[in-house]
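Peer 1: Now for the letters of each chain:
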Amino acid sequence: MDVWPLILGMALITFAIRYSLFAFPHLRFPPSVRQGLQYVPTAVLSAIVLPGMLIPDGQQWAFTLHNAYLLAGLATIAIAALTRHLLATIAGGLLVFFVVRGVLGQLPL
Amino acid sequence: MSRLQHFLYGCRDSIPMIVGILPFGLIYGALASLAGLSLAQALGMSLLVYAGSAQFIAISLLTLGSGTLVILLTTLVVNLRHVLYSAALQPYVGGLSQRWRVPLAFGLTDETFAVVQRRYLARGMSEHGQWYHAGVALALYLSWVGSSLVGALFGQSVPNLAGWGLDFAMLATFIGIVVPALRNQPQIAAALVAGAVALLCHAWPYKLGLMAAALSGIAVGVWLERRQAPVISGEVV
Numbered sequence: 034m035d036v037w038p039l040i041l042g043m044a045l046i047t048f049a050i051r052y053s054l055f056a057f058p059h060l061r062f063p064p065s066v067r068q069g070l071q072y073v074p075t076a077v078l079s080a081i082v083l084p085g086m087l088i089p090d091g092q093q094w095a096f097t098l099h100n101a102y103l104l105a106g107l108a109t110i111a112i113a114a115l116t117r118h119l120l121a122t123i124a125g126g127l128l129v130f131f132v133v134r135g136v137l138g139q140l141p142l
Numbered sequence: 271m272s273r274l275q276h277f278l279y280g281c282r283d284s285i286p287m288i289v290g291i292l293p294f295g296l297i298y299g300a301l302a303s304l305a306g307l308s309l310a311q312a313l314g315m316s317l318l319v320y321a322g323s324a325q326f327i328a329i330s331l332l333t334l335g336s337g338t339l340v341i342l343l344t345t346l347v348v349n350l351r352h353v354l355y356s357a358a359l360q361p362y363v364g365g366l367s368q369r370w371r372v373p374l375a376f377g378l379t380d381e382t383f384a385v386v387q388r389r390y391l392a393r394g395m396s397e398h399g400q401w402y403h404a405g406v407a408l409a410l411y412l413s414w415v416g417s418s419l420v421g422a423l424f425g426q427s428v429p430n431l432a433g434w435g436l437d438f439a440m441l442a443t444f445i446g447i448v449v450p451a452l453r454n455q456p457q458i459a460a461a462l463v464a465g466a467v468a469l470l471c472h473a474w475p476y477k478l479g480l481m482a483a484a485l486s487g488i489a490v491g492v493w494l495e496r497r498q499a500p501v502i503s504g505e506v507v
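Those sequence lines, one after another, are chains A and B.
Here the first sequence is numbered in our numbering, starting from 34 and rising by one per residue.
Here the second sequence is numbered in our numbering, starting from 271 and rising by one per residue.
Isolated chain A (complex conformation):
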């Protein structure tokens, strides 16, 4: 398949979505919409994170102690709650993830 038309199509779609409301500088949202917007990051990112932890391959539930995404995800949530520090959360979470995968023998070494 020719990939370039696909790339250009994805680029146009993505830009159009991101520019959508910037195109209307004078639009003012009603209070209910503004209220809802406060929940956007929480809702959207949770909807990506939980399946990422529990269904890491996108197909099968992996509710087991062999699932490094689940174990390290829970550890990362704990680090975030305790430190409230973004860099500590991301770096610490990655570190825990690789340690867990190492212990479980899941690293391609």
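Do not take every clue at face value.
To be verified - Label-pair ranges, simulated between beta-carbon atoms: (1) Leu137(A) / Ala489(B): 33 to 41 Å; (2) Leu128(A) / Asn430(B): 15 to 23 Å; (3) Pro450(B) / Val132(A): 36 to 44 Å; (4) Thr97(A) / Trp370(B): 47 to 55 Å; (5) Trp493(B) / Leu137(A): 35 to 43 Å; (6) Gln426(B) / Val136(A): 25 to 33 Å; (7) Gln498(B) / Leu137(A): 38 to 46 Å; (8) Thr333(B) / His118(A): 31 to 39 Å; (9) Pro63(A) / Asn430(B): 47 to 55 Å.
Claimed, not checked - Partial list, derived from the structure: chain A residues whose beta carbon lies under 7 Å from chain B: (10) Phe48; (11) Pro64; (12) Ser79.
To be verified - Some residues of chain B that are not near chain A, with every Cβ distance over 12 Å (derived): (13) Ser396; (14) Glu397; (15) His398; (16) Val420.
Hints in this document: simulated from the structure, not taken from any laboratory.
This structure is a prediction, so every number in the text was calculated from the model and none was measured.
Virtual Cβ for every residue (Gly too), placed ideally from N, Cα, C.
Fit chain B to the known structure of chain A by using the hints.
Peer 2: Then chain B, alone, in the frame of chain A:
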């Protein structure tokens, strides 16, 4: 203070996000080259599309042999969340000239949004807000493009780079954004409901479950906030 200084503050505040973006860009680049994309195509997608999770999904769909239309539709649904980001930043960015709005819209990723929203909420457009925003957007864009390039260049020479699970970096980043925001009951409920709906609807085609989950979470958050409003109106929420 000068514009340059605020631009540099934006770059500085992006550092935690960069730690999460670099591994994710590496794995994207490696998977793209494994899927048969040329170096120019793998890099071109990062340069032109600049949407990590959508690119990741596009590569896996290409590997599965999906057609262009299916991938484009999935891109649309996966990125629809950015309409909500666009709406949330519009009160600030909307007043800028088009010369500003176009590049800032191009760079509006989850990570950029999380960093600049915090600053806009605290200080609005004062003190060269758009220069700060530009610093964040450029630092994160270069991190994504650079790590994609490295991943595409070395993805096939480092054995099994795809097997390391570097995609966990995106989850760690998103957890780092969400958890500190869970300061009250409506926010916590929004997170739990969105997560639960996403899990239940994960098999829906074209990632439509993601949008259903996000809207459910938002609805529950607003509903709870309104129900509580009379009780907590005197408190700082």
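Peer 1: State the violated hints by number, sorted upward, taking the hints as numbered earlier in the document.
Peer 2: 3, 11
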